[in-house]
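Given these sequences and hints, build the entire structure.
Taken in order, these protein sequences are the chains called A, B, C, D and E.
Just so we're aligned, residue 1 is where the first sequence starts under my numbering, counting upward by one.
Just so we're aligned, residue 1 is where the second sequence starts under my numbering, counting upward by one.
Just so we're aligned, residue 1 is where the third sequence starts under my numbering, counting upward by one.
Just so we're aligned, residue 1 is where the fourth sequence starts under my numbering, counting upward by one.
Just so we're aligned, residue 1 is where the fifth sequence starts under my numbering, counting upward by one.
Facing chain D, from chain A, some residues (calculated, C-beta under 8 Å):
id: 1; residue: A161
id: 2; residue: S164
id: 3; residue: R166
id: 4; residue: S167
id: 5; residue: F170
id: 6; residue: W262
id: 7; residue: A265
So these bits of chain C aren't anywhere near chain E, every CB distance computed over 12 Å:
id: 8; residue: A10
id: 9; residue: F50
id: 10; residue: P53
id: 11; residue: T60
id: 12; residue: I83
id: 13; residue: G126
id: 14; residue: F129
id: 15; residue: V239
Because the hints were derived from the structure by calculation, they are not lab data.
Using N, Cα and C, we set each Cβ at its ideal position, and we do this for glycine too.
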Amino acid sequence: MSATTLSRARPAPATTRWSRRAAGALAFAALIELLSRTGVADPAFLPPATEIVGRAVTLVSDSAFRGHALTSLLAWAMGLGLAALIAVPLGLLLGSVPIIDAATRSIVEFLRPIPSVALIPLVALVIGTGLQLRVTLVVYASLWPILYNTMYGLRGVDPLAKESLRSYGFGPLAVLLRVSLPSSAPFITTGFRLAAGVALILTVSTEIVAGRGEGMGVFIFFAGIAMPARMTDILAGVFWVGLFGVVVNALLVAAERRAFRWHHARLGEPG
Amino acid sequence: GGATTATAPPAAPAAGGLEKTQLKIATLPAIDSAAIYVAIDQGLFEKEGLDVTAQVVQASPEAIPMMLNGEIDAMFGNYVSMFQAHDKGSLKVRILAEGSRASPDSLSIMALPDSPIKTAKDLEGKTINVNVLHNFQELALAQVLKANNVDPATIKYVQVTFQNIMPSWTGGQIDAAYLGEPMVTAATASMGARKILDPASGPAAEFPISGYVSTQEWYDKNPKVAAAFQRAIHNAGKLMENNREVVAKVLPNFTQIDAATAATVTFPYFSSNDNPVRLQRVADWMLEAKWLGKAIEVESLMSPTTSG
Amino acid sequence: MRRGGVRTAAFRWLVLIVLVLVWETATRVSGSAFFPPPSAIVARMHAMWFSGPPATLFLTDSAIGNILPSLGRMAAGFAGGAIAGVVLGLALGLSARAYDYLDGVLQFLRAVPPPALVTVFLVLFGFGFRMQLAFIVFSIVWPVLLNTADGARSVEPLHLQTCQVFRLSRAERLRRVVLPSTLPKMFAGLRLALSLSLIVMVFSELLPGTTNGIGFQITDAYSTFDLPAMWAAIVLLGVLGYLLNEVFLIVERRVLGWHHAAQQLIT
Amino acid sequence: MLEIDNLSHVYGGGSPNAHHAIEGLNLSVAAGELLCIVGPSGCGKSTLLRSIAGLITPTGGQIKVEGNVVRQTPDNLAVVFQDYSRSLFPWMSVADNVALPLRRRNMDKRRRREAALEALDSVGLAGAERKYPFQLSGGMQQRVAIARALAYRPTLMLMDEPFGSVDAQTREDLEDLVLKVRGHHQMTIVLITHDIDESVYVGDRVVVLSKAPAHVVGDLKVHLPGPRDQISTREHPDFVHLRAEVGRLVRGHATV
Amino acid sequence: MLEIDNLSHVYGGGSPNAHHAIEGLNLSVAAGELLCIVGPSGCGKSTLLRSIAGLITPTGGQIKVEGNVVRQTPDNLAVVFQDYSRSLFPWMSVADNVALPLRRRNMDKRRRREAALEALDSVGLAGAERKYPFQLSGGMQQRVAIARALAYRPTLMLMDEPFGSVDAQTREDLEDLVLKVRGHHQMTIVLITHDIDESVYVGDRVVVLSKAPAHVVGDLKVHLPGPRDQISTREHPDFVHLRAEVGRLVRGHATV
Ligand SMILES: Nc1ncnc2c1ncn2[C@@H]1O[C@H](COP(=O)(O)OP(=O)(O)OP(=O)(O)O)[C@@H](O)[C@H]1O
Ligand SMILES: Nc1ncnc2c1ncn2[C@@H]1O[C@H](COP(=O)(O)OP(=O)(O)OP(=O)(O)O)[C@@H](O)[C@H]1O
Ligand SMILES: [Mg+2]
Ligand SMILES: [Mg+2]
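What follows is the structure in structure tokens.
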């Protein structure tokens with residue numbers, strides 16, 4: 001970090017930034033390769049990175065694997081979408097009407113730490129297994145980051161900006177939608193990015209426990225119960241999940257930069 | 001076989017009287033589930049006028065809600081879990097047909113070649129893995145240990161999922177491994193692991209593990225289907241008794257066992273009849289271990305059409 | 001404002017009581033063994049954990065042997081995750097270079113489902129506490145990290161320029177300016193991480209080799225179909241989550257007092 | 001139009017460092033009047049303005065706008081805040097910032113935009129409509145805030161040091177703009193300023209506040225021949241006299 | 001002390017709405033001089049100041065402070081930002097805000113606090129040290145920013161419309177304070193103001209900038225008998241003359 005970095009030195013050119021990213025990824029892969037090849041970690045349980053990636057590439061032509069991936073993708077997208085549809089309005093409500101926040105807080109905080117494993121049988125009993133179970137659990141888990149970032153985002157809104165609109169006779173709802181929401185939108189999207197990751201994890205994890213034969217989690221589960229366990233398959237699956245996470249994040253960041261140009265430009269970041 | 005061997009009635013002539021013909025049964029991705037796949041493969045259900053679909057689930061607790069809300073008709077599950085659920089009142093079970101029993105060498109307590117554990121006595125105070133705590137593995141082993149003058153209470157059980165048994169074992173986190181097939185074969189062949197004890201020997205020989213179970217409610221509604229289903233499973237059991245090939249053929253359909261391994265593993269026994277006496281043993285041991293709140297009379301949970 | 005506080009508290013309790021009553025009635029009417037009434041759950045909780053001798057504050061052996069280790073794991077995991085998240089988040093938010101190098105890998109790791117990596121954790125960390133800790137930290141670090149990075153990136157530019165003009169040392173800028181202005185967002189992340197740490201604590205107790213803990217009791221209850229015990233553990237987690245959150249809010253109100261006052265928030 | 005009766009406001013009431021910003025302040029403003037308020041820094045002028053706008057609830061006394069007690073923000077009100085840069089919305093272009101309040105006016109999109117451009121033009125910001133607030137200089141941002149208030153055509157306009165950040169020439173032009181707008185549209189204006197000359201030049205009346213807690217220490221009617229213009233009005237003997245008078249009142253109660 | 005050579009700055013370079021804020025600006029300031037800069041709103045004064053402070057890298061030309069080309073922020077520099085309220089740290093009390101930069105000065109905690117209190121006192125804020133910025137009025141916040149810069153005792157002080165939000169009396173006091181401080185401590189000051197009288201009253205030299213893109217259109221030495229005081233200096237014929245001169249220069253290039 002140079003002395004001027006804290007006040008945001010001019011960003012490095014895009015090529016430099018991408019090569020740095022590649023360098024980071026390569027270093028990480030090299031670390032795994034090294035751990036495995038030197039035997040620090042038993043290669044039977046942590047195969048070298050080259051093998052994992054090689055297997056991941058060949059998996060693409062496996063139609064069964066593609067089917068698993070598609071199933072998971074569907075559950076992920078539905079869960080995340082629903083979570084956002086529920087959490088943003090709810091966050092706006094709880095973040096702007098203190099009495100509702102206070103009244104519901106005990107319930108919300110009570111419900112939140114319940115782990116999905118404990119919920120699986122109960123949810124399965126009430127709404128059945130399959131896609132709806134996965135989607136429900138994904139919604140349940142990825143709701144919180146969006147909800148909390150919305151609530152905390154609202155608190156960071158400049159009170160003078162709100163007063164400005166109020167002084168023109170706009171009601172609380174208009175102030176909420178026209179000032180608080182746009183002003184906290186960048187932080188809400190950070191919550192959404194968090195949720196996207198959580199949703200991915202929950203999709204696959206639920207499938208590992210209760211996938212009913214379909215999804216990336218099931219692929220991973222089956223590789224695990226083989227004898228000996230197909231660690232390369234497991235980690236190749238993990239590789240694709242992780243890579244998907246990276247791509248989704250990159251797309252969201254790009255979308256953020258477009259949508260919140262005002263935010264990033266003011267902060268002196270590359271637009 | 002036991003003293004009161006239950007014999008199946010002759011095959012029903014037609015599907016005419018069946019309450020329903022389409023069945024969905026939850027199974028596990030383990031060799032024990034083979035009978036239903038053989039029955040499908042060999043057209044035994046068809047013969048009974050049934051169209052059966054097997055739905056693989058990852059663990060039997062997952063299937064219970066499915067059964068309760070009608071997504072499936074019956075499930076393949078281990079008796080210990082089923083009896084516990086029955087005891088706790090979460091589920092009124094009905095055993096449609098027996099499934100698998102432990103055969104010699106299909107379960108094994110094993111030690112690594114350089115381990116100091118040589119005999120059953122050496123197991124005292126040691127840490128052993130189980131798939132799920134408080135389940136049939138512990139139940140059977142306790143009986144065998146007692147028969148070998150080892151106090152079962154000294155054993156420390158840790159729950160280790162299937163794929164993590166090997167790293168935990170070689171990493172020294174468990175002293176001896178409680179393995180089932182196909183791991184027994186693989187561990188013997190690839191690691192030179194030594195067998196210390198067969199948990200399915202002596203008092204626990206032919207220990208019943210899993211069976212096909214529905215709810216009492218379902219059974220009351222579909223008695224004829226239940227009987228037909230039972231016949232098909234028992235016929236499959238008979239077919240499998242001396243014929244490894246029919247089993248090996250279906251294994252890749254629902255397990256992760258390849259053909260080469262399938263040729264060498266030890267299969268469990270697939271029951272071709274129902275026997276309340278041997279099943280009662282499981283319930284009695286569970287009561288003894290205080291896993292049940294009250295005694296269960298197993299025969300009352302079994303299908304009367306074929307027992308006795 | 002004080003009167004408002006009392007009113008809110010009363011309202012809050014009212015809502016809670018009504019909900020519990022509805023729950024009790026609904027479960028009694030349905031009579032499903034999967035959904036025992038709250039009274040039965042509480043009775044079970046009492047029997048399982050809170051009927052001990054006065055010497056141990058009425059905790060039973062089961063409570064001491066399961067709840068305390070769980071809380072220990074959770075606390076250690078939360079502390080580790082919070083520290084790692086804050087440090088990495090600040091680095092990522094402040095240094096474009098660190099961001100470039102680490103972004104890809106961290107985004108990758110963030111999307112990876114920990115249950116798929118249990119074996120890898122096992123070979124890297126071995127059985128028991130170390131693995132559980134690594135598991136918890138790895139799972140909860142992300143909200144702290146991302147929110148902190150976001151906060152550090154959106155420090156008021158004029159604040160940074162003021163620092164630069166007065167040539168404050170890097171440590172001072174960090175401690176006196178960047179950190180305080182990042183705190184509000186960091187706290188959003190920490191609050192998420194707190195209850196996440198309870199959840200992941202449960203997951204970590206499903207890991208190979210665990211022999212105690214609330215999560216262990218949940219799976220044990222689940223696999224033996226002891227539904228009241230499972231519900232007891234769920235309710236215990238809920239209560240713990242609620243209490244931890246209240247403590248968290250007290251801390252937050254102290255640390256972010258300036259923020260709430262300046263934003264004219266009534267809390 | 002505006003009646004303020006025995007107003008007082010205490011910040012942080014109850015706590016040991018409570019601050020009495022306003023105490024026993026009485027004031028009334030007729031419809032169409034342009035009232036200038038001057039007073040030492042920190043005396044309570046902005047507090048008074050916020051109270052009139054219904055943004056804070058004063059701890060004592062009463063404010064009536066058009067006969068109604070102010071509880072919420074009165075209708076048809078516009079405020080130019082002292083901290084203008086924070087009152088602009090960073091996510092909107094300058095034109096959108098100005099056009100936003102017009103949504104209350106039943107105008108379609110095109111007419112809103114036209115009105116915004118016209119207002120921007122009148123404050124000398126023609127051509128800046130596409131920029132974002134952070135791309136403007138301080139004085140330009142201040143003028144955007146003024147344009148926003150002007151475009152809204154309020155019946156009561158509150159301005160808190162609205163010309164503090166612009167150059168002398170622009171300031172004079174804006175002063176004249178306010179005078180012109182006031183003449184065309186029936187508008188009551190309360191304008192806080194530190195520039196004594198300005199208060200006399202634009203005001204129909206100048207009210208001088210004491211140092212904190214603020215109350216009225218001087219209330220001068222400005223009788224200057226209209227129409228006012230920057231050169232002759234400022235040379236007028238009455239102007240020179242009034243200005244000295246206001247100056248004396250302010251100085252008598254300054255803080256330093 | 002300060003040499004600016006052919007400076008130019010373009011915002012948003014390359015893009016179609018690039019803005020030329022400064023073009024070909026030359027200026028040099030001697031050590032100990034107090035230079036006032038006036039110019040129309042939006043011409044580029046703040047941009048110039050930021051360039052001197054090393055906060056933005058100008059797109060052309062060069063700035064030297066004490067002979068060194070400015071790449072980073074020069075040592076011993078203080079800035080009073082135009083957007084003063086945003087430059088204060090909301091999580092710190094007023095005293096802490098003022099004392100913070102003194103950490104660079106090798107002072108122990110007590111001495112830092114003393115220096116901060118003294119500076120606050122000198123801007124008329126004695127007693128406000130425990131408050132938080134949001135509890136202050138606009139003018140008080142501005143004075144905190146001034147106190148912070150003064151307490152730091154820089155060798156080069158850049159002030160961007162530092163007295164815009166305070167009342168006339170306080171403004172005069174602050175002007176005199178700046179004059180006094182400049183005399184006591186060897187300090188070079190560059191002060192941006194819109195008040196032409198002020199520029200002549202406090203400045204040793206007044207530089208007038210053109211409208212955007214900014215360049216120097218007038219550079220006047222102020223020879224007024226010292227020590228200056230608010231009454232006699234402002235009556236001095238040279239003052240009146242200079243003020244008219246500056247006014248003419250500014251008006252010739254106003255934007256509106
Ligand atoms: N970040 C930016 N991006 C684009 N344009 C900018 C930016 N900052 C300033 N400008 C433009 O540069 C010009 C000069 O701005 P600057 O702030 O230097 O003016 P100024 O002389 O200080 O004006 P004022 O007296 O109103 O404060 C203005 O026209 C403004 O629109
Ligand atoms: N939110 C607040 N909490 C506590 N005190 C406050 C608050 N806002 C203002 N004050 C105090 O109230 C007094 C009056 O403030 P106000 O902003 O009304 O002054 P002002 O007359 O507008 O001054 P200026 O001309 O400097 O803007 C000041 O002494 C200030 O410290
Ligand atoms: Mg004010
Ligand atoms: Mg400026």
